[in-house]
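Novice: Next come the chains, spelled out residue by residue.
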Amino acid sequence: MLDRIVAICMLLSLILYALMGGADFGGGIWDLLATGPRASRQRQAIAEAIGPIWEANHVWLILVVVLLFTGFPSGFAAMMTALNIPLTAMLIGIVLRGSAFIFRKYDSESDAVQRRWSTVFGIASLFTPFFQGIILAALVTGQIRLVDGQVVTGFLAGWLTPFSLACGVFASGLFAFLAATYLTLDAQDQPDLQDDFRSKAIWSGLALAPIALGVLLTSKQDAPEMFQALTCWWALLLVAGTSLFAFAVLAALWLRHFALARMAAVGQVTLILVGWSVAQYPNLVTPDVTVQNAHAPEPTLRLLVLALGVGAIVLLPSLAFLFHLFKGKESRESRSQS
Amino acid sequence: MSNFFFARSQMAMSLAFHIIFAALGIGMPLLMVIAEGMYLRTREPVYLDLSKRWAHGTAILFAVGAVSGTVLSFELGLLWPGFMGKAGAIIGMPFSLEGFAFFTEAIFIGVFLYGWNRLSSFWHWLSGLIVAISGILSGIFVVTANAWMNAPAGFKIVDRKITEVDPIAAMMNPASLHEVLHMTLAAFVATGFAVAAVHAFFLLRDGTSLFHRKALGIALAVAGFSIPLQILSGDHSARAVGRLQPAKLAAMEAHYRTQSGAPLLVGGIPNDATRTTAYALSIPGGLSFLLANHFHARVTGLEEFPEGDWPNVRLVHWSFDLMVAAGMAMLALAVWSGWIRWKREPPADHPWLLRALVAAGPLGFVAIEAGWVVTEVGRQPWIIYGIMRTQDAVTPMPGIAVPFVAFTVLYVFLAVTVFFVLRRQFLETPGTAPGPSPN
Chain P
1 MLDRIVAICM
11 LLSLILYALM
21 GGADFGGGIW
31 DLLATGPRAS
41 RQRQAIAEAI
51 GPIWEANHVW
61 LILVVVLLFT
71 GFPSGFAAMM
81 TALNIPLTAM
91 LIGIVLRGSA
101 FIFRKYDSES
111 DAVQRRWSTV
121 FGIASLFTPF
131 FQGIILAALV
141 TGQIRLVDGQ
151 VVTGFLAGWL
161 TPFSLACGVF
171 ASGLFAFLAA
181 TYLTLDAQDQ
191 PDLQDDFRSK
201 AIWSGLALAP
211 IALGVLLTSK
221 QDAPEMFQAL
231 TCWWALLLVA
241 GTSLFAFAVL
251 AALWLRHFAL
261 ARMAAVGQVT
271 LILVGWSVAQ
281 YPNLVTPDVT
291 VQNAHAPEPT
301 LRLLVLALGV
311 GAIVLLPSLA
321 FLFHLFKGKE
331 SRESRSQS
Chain Y
1001 MSNFFFARSQ
1011 MAMSLAFHII
1021 FAALGIGMPL
1031 LMVIAEGMYL
1041 RTREPVYLDL
1051 SKRWAHGTAI
1061 LFAVGAVSGT
1071 VLSFELGLLW
1081 PGFMGKAGAI
1091 IGMPFSLEGF
1101 AFFTEAIFIG
1111 VFLYGWNRLS
1121 SFWHWLSGLI
1131 VAISGILSGI
1141 FVVTANAWMN
1151 APAGFKIVDR
1161 KITEVDPIAA
1171 MMNPASLHEV
1181 LHMTLAAFVA
1191 TGFAVAAVHA
1201 FFLLRDGTSL
1211 FHRKALGIAL
1221 AVAGFSIPLQ
1231 ILSGDHSARA
1241 VGRLQPAKLA
1251 AMEAHYRTQS
1261 GAPLLVGGIP
1271 NDATRTTAYA
1281 LSIPGGLSFL
1291 LANHFHARVT
1301 GLEEFPEGDW
1311 PNVRLVHWSF
1321 DLMVAAGMAM
1331 LALAVWSGWI
1341 RWKREPPADH
1351 PWLLRALVAA
1361 GPLGFVAIEA
1371 GWVVTEVGRQ
1381 PWIIYGIMRT
1391 QDAVTPMPGI
1401 AVPFVAFTVL
1411 YVFLAVTVFF
1421 VLRRQFLETP
1431 GTAPGPSPN
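Chain order of the listed sequences is P and Y. Every letter in the first sequence is one number past the one before it in my numbering, and letter 100, counting from 1, is 100. Every letter in the second sequence is one number past the one before it in my numbering, and letter 380, counting from 1, is 1380.
Hints are all accurate, no fakes.
Distance condition first, Cα-Cα at most 30 Å in a straight line; then the derived DSS-like pairs of lysine-lysine: (1) 105(P) to 1052(Y); (2) 327(P) to 105(P); (3) 1052(Y) to 327(P).
If you want a taste of the chain P side facing chain Y, the calculated C-beta under 10 Å gives, among others: (4) 60; (5) 66; (6) 96; (7) 300; (8) 311; (9) 326.
Derived from the structure by calculation, the hints contain no laboratory data. Ideal placement from N, C-alpha and C gives every residue a C-beta, glycine not left out.
All chains, please: the whole structure from these sequences, using the hints.
Specialist: Shown next, in the form of structure tokens:
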């Protein structure tokens, strides 16, 4: 029971990381792709939107990792061994994204310097989620195998498959789509920018459909257990629900109901990750590492759940305060005044 | 060179890099909160300006600290899966708590940095205080995990399997208290002296700058208050190490032979083959006195342990002496500044003190790095003292030289960039700060 509670908390953190931290990466992708006469204003809007919150959003990932190594230490050890290479690439992306963003803010305001940091920030924002998608996908391919708790399939298993690569592309695309949808709200007081982000959101949303199909098709070959799980009746319901949300986002964007679009996008991303996890359960690394065979001893799990409860009491109001302060209605009003 | 060598090098390099930002991440919020607090009390605009400048510095350092800390949390598994697979359940707890503290810090640093015009000045100050407190707490939690590696507790081993795990007992292990005290104070000492050096440097150019005079005052107060406490905590730490890890203590002191009335050896060249230390300054009975308060106490030497269980004696001994020397130099400077303060003279009017402070700027960090070499190299060959050897925890992944080189290049680049971006923050500082309007 306790092991499942910790696993569910990990999933929740992962969802929140995708919804918040993921959107920050998406913002970086749009920074990289900003073109046209309003490019620098787009960059400005992106920087303002993520500036106060990206540090906090990033911590969801750290939470996932500490829950993983405290709650499922042998699972953590297996993942870190088998996926050493893509994880290292992801970490380099995380370091470059964060530091380039902060350097751009505080370094010289000359165009050349700003452009240089923008490029680093943007490229790192593009390839970090790409590797995150690859890593999550590799876990379910069934190609990473363990004997006596030791990884025996080397360091390339699972993550170089077409399925994993498709998932990497999907992750980057999804975060870009999410960010553009959020940015339509952040840019509310600048109609021309709002239009820019609206069309970016619609186009990236449409582009996600064939990529998602690619993920599904490649999974048949590369991740058969996942494919099977995703094509049974309840999973089809989840897939249908996800598609419904996706459609709702596009429709709301089209009709300029931006708040609704954001809500639907949140629903869409949440359902994708919930569906994925339900299909993956009980495996952490398919098929040898499971929630049941990798969990920490009882006393550790009990304390961990307790800490999660107490932590939530402190964190959730603080986070609500942060978002209220910078993303609430009043904050937008005060910004348009200034 | 072996994979094991590169794994250790990558870990050492990552920690050595991160620890600087972690220490500043503990110390800087305190400085900016003191400055804003002074502003709330006196309403002198210079303090507000100071708090904002320090906040810029904090933002940059915090961001680099956060990403390099993320790297470390993964590297625990990327480099030492054998360790984390076994120890994660025991010491994951402090890391989880650190996660929460760090989360709080990240939330409120956003509030502090971007909330100058959105919150009343008291609530803004309070959010800064939360950053400072949660920063201290994060540091404390992480250090207890390291303390556990030095003094493992809170579990039993039956048939080579770990049982009866008690994460609370693991966190409250016998090394936690002294390590936590010593590291937290170190953060304040290092930040205080480094910041004092920056402002002393600008005061040497223009002694009238109110901005730099006030800044120097606050930084010196933090540094001067913490360094004497740090020396006391260092003494306490050495005694604890002598009790918990006699082999490490013997290496720190280059003390090969068990003897009564052991001398304190300063410097010198330890020689494992002859089990002697040449050219050291020897203070008769000194080591016995420091550890047991009397000159004839018996002190265990390295010879009591199999040579395979010795750490690198030269490295540990020299690092230890370097740390102590840096600490003593800073103590002397604190006494000097304190004396000037006592005479009710502003330290900013003493150019020789300013020059000495500039020279001493890096000393706190030299001491931190040397101190961690003592702790970490001194623990070798163990990753969990007496239980698991570092060699047995390393990843089977070949070619660790590649990520080692990649991260080294990346971190050197970051270090240089941080230096120049920080420098910009201070070069922009006006001599006499025009007061930005509050709210």
